[in-house]
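Throw the hints in and build the complete structure from the sequences for me.
As they're listed, the protein sequences go chains E and P. Using my numbering, read the first sequence as starting at 63 and increasing by one per residue. Using my numbering, read the second sequence as starting at 257 and increasing by one per residue.
No lab work stands behind these hints: they were computed from the structure. Certain hints may be false.
What the hints assert, rightly or not - Quick partial rundown of chain P residues pointing at chain E, CB under 10 Å, derived from the structure:
{"id": "1", "residue": "H327"}
{"id": "2", "residue": "P332"}
{"id": "3", "residue": "G341"}
{"id": "4", "residue": "I343"}
{"id": "5", "residue": "A352"}
{"id": "6", "residue": "E361"}
{"id": "7", "residue": "L386"}
{"id": "8", "residue": "A399"}
Said to hold, decoys possible - With the Cβ distance kept under 7 Å, some of the chain E side facing chain P (calculated, not the full set):
{"id": "9", "residue": "A70"}
{"id": "10", "residue": "A221"}
{"id": "11", "residue": "V223"}
None of the values given here were measured: they were computed from a predicted structure. Quick reminder that beta carbons are idealized off the backbone N, C-alpha and C, glycines included.
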Amino acid sequence: MRLRALRAQVAAETRMTLERGETLLVTLGIPVVLLVFFTLVPVLPTGSRHRVDFLAPGVLALAVMSTAMVSLGIATAFERSYGVLKRLGATPLGRPVLLTAKIVSVVVVEIIQVVLLVGVALALGWRPHPSAGLAVIAVLMATIAFAGIGLAMAGALRAEVTLAVANGVYVILLLIGGVIFPLHELGGLASFARLFPTAALSDLLHTTLGSGPSATEAWVVLALWAVAAPVVAALTFKWE
Amino acid sequence: MPAVEVDRLVVRYGSLVAVDGITFDADFGEVVALLGPNGAGKTTTVETLEGFRRADAGRVRILGLDPWSDHTKLTPRVGVLLQRGGIYPIMSAERAVRLFGAYYEDPRDPDELIDLVGLGSVARTPYKRLSGGEQQRLALALALIGKPRVAFLDEPTAGVDPAGRIAVRDVVVALRTGGVCVILTSHELDEVQRLADRVVIVDHGRVVAAGRQGELQGGSEELRFAAEPGLAIGDLSARLGARVTEGPPGEYLVPAPPVPALVAELAAWLAERDLQLGDLRAGRQRLEDVFLKLTGPGVAGAADGSSGRTSPASKRPSRRGRTRR
Chain E
63 MRLRALRAQV AAETRMTLER GETLLVTLGI PVVLLVFFTL VPVLPTGSRH
113 RVDFLAPGVL ALAVMSTAMV SLGIATAFER SYGVLKRLGA TPLGRPVLLT
163 AKIVSVVVVE IIQVVLLVGV ALALGWRPHP SAGLAVIAVL MATIAFAGIG
213 LAMAGALRAE VTLAVANGVY VILLLIGGVI FPLHELGGLA SFARLFPTAA
263 LSDLLHTTLG SGPSATEAWV VLALWAVAAP VVAALTFKWE
Chain P
257 MPAVEVDRLV VRYGSLVAVD GITFDADFGE VVALLGPNGA GKTTTVETLE
307 GFRRADAGRV RILGLDPWSD HTKLTPRVGV LLQRGGIYPI MSAERAVRLF
357 GAYYEDPRDP DELIDLVGLG SVARTPYKRL SGGEQQRLAL ALALIGKPRV
407 AFLDEPTAGV DPAGRIAVRD VVVALRTGGV CVILTSHELD EVQRLADRVV
457 IVDHGRVVAA GRQGELQGGS EELRFAAEPG LAIGDLSARL GARVTEGPPG
507 EYLVPAPPVP ALVAELAAWL AERDLQLGDL RAGRQRLEDV FLKLTGPGVA
557 GAADGSSGRT SPASKRPSRR GRTRR
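Here it is as structure tokens:
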């Protein structure tokens, strides 16, 4: 019975996510365009590495942020303003199942993103040396962190404000998150940028999917966000 | 055990007392309406019964359970229609009803339900593109999908077109026949007169009158009439054997059972003086008169049926201003 409700809710959440054009743009369109454009056009300071070897992990990090923070946050904020969350509170669905459904739905969309982006990257000549297990752990931790940030916005701000803030944060973290510009090219900004989960995730994906030891600092930053953001969201979330 | 028990309920928003000691109950197979102007405390009361708000004082029981602390035990057996919204904008009626059906152990048949509320022809249209009345009817369908024992319908006919109102009315009658306890709110008197077995009139967070419709309206047996202002009331009173009073100029009240003999005496008295009889109303008041008398700005206006009509429309400041943020 609970499982039936969960399955139905996951299906509904996922379908609505995939039906929203603006969501598809931010979760699939932009990452694919960035990956293809900056691989084919040599304007980025990626050093001696093949451009796609740098871009693929960064764009995967961007994809996680776009789904778990931007798409989830904005959708939830509007559901709150439309009274949907309130109405669901009067059904037997229950908040834990609703939250689980949202997270599962985010993971489903991420799987679609990964399949698409990895496929495009491989076609562009990406040759990863994956420690896939560690990469998956990093993605899951980042998903929880970004979902926490998105839900914290959705539960406290008006829907229109969440829309603006989530997109603004997305653009800033795209620029300083090691997604298209390598962190070491950011100069003095780099140490500030490393405090955020996007840089931590792209760092970890660069190392777990490419070469080099992953930085303990990045794991710590990601773990802190994965704990702190959901806690803040849980404490501040207003359901109506 | 009644299906719904409310005993001296108090709900505050900060220093504002929205509900100030409301008491009523409702049985299975009964339709009880909370009637009152906007801002009277109807929605706050219903939302407390639904478990969205906690009572600050008093006792509330739904099916013998506390809607706040036993919320998860009640949700499978209680249907809710919010005053507005509550549905995913891009979801069609068909998908919404199926999704909500998956939340419940033994839901109603989705297609039957969509037909029941008259949405068969727009079942695939996204919620945001439905008319206000269609949206409200979809919300009603979602309140019923889980076969509730108790249904809370907050303004079920607000913004609903005449055809939709008939659909809503039919559904409410069917619920009552099926033994469901229905609590609805409204500021529309006509709807309440059509739908409810019992009426609880609420104003400023208090119950100002409650009873079966007949009881509420039967309380004052009187005769009202209109004629030219300044009649010789003393003389007329002596003739009729009752103390006639003049309310607004030209409107008179005879506090006596409106038997034909009384009407005949009045007519004769006017005829002897060659006076016109402008308006004559006997017997039970309409619920509207009771409502306006109890909640209206002044009794004088309430005596005049035509000017009284404007009162429900002249809304007080929206209740939105007093909801918790």
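field: Unmet hints by their number, sorted upward, for this structure
entry: Those not satisfied are hints 7, 10, 11.
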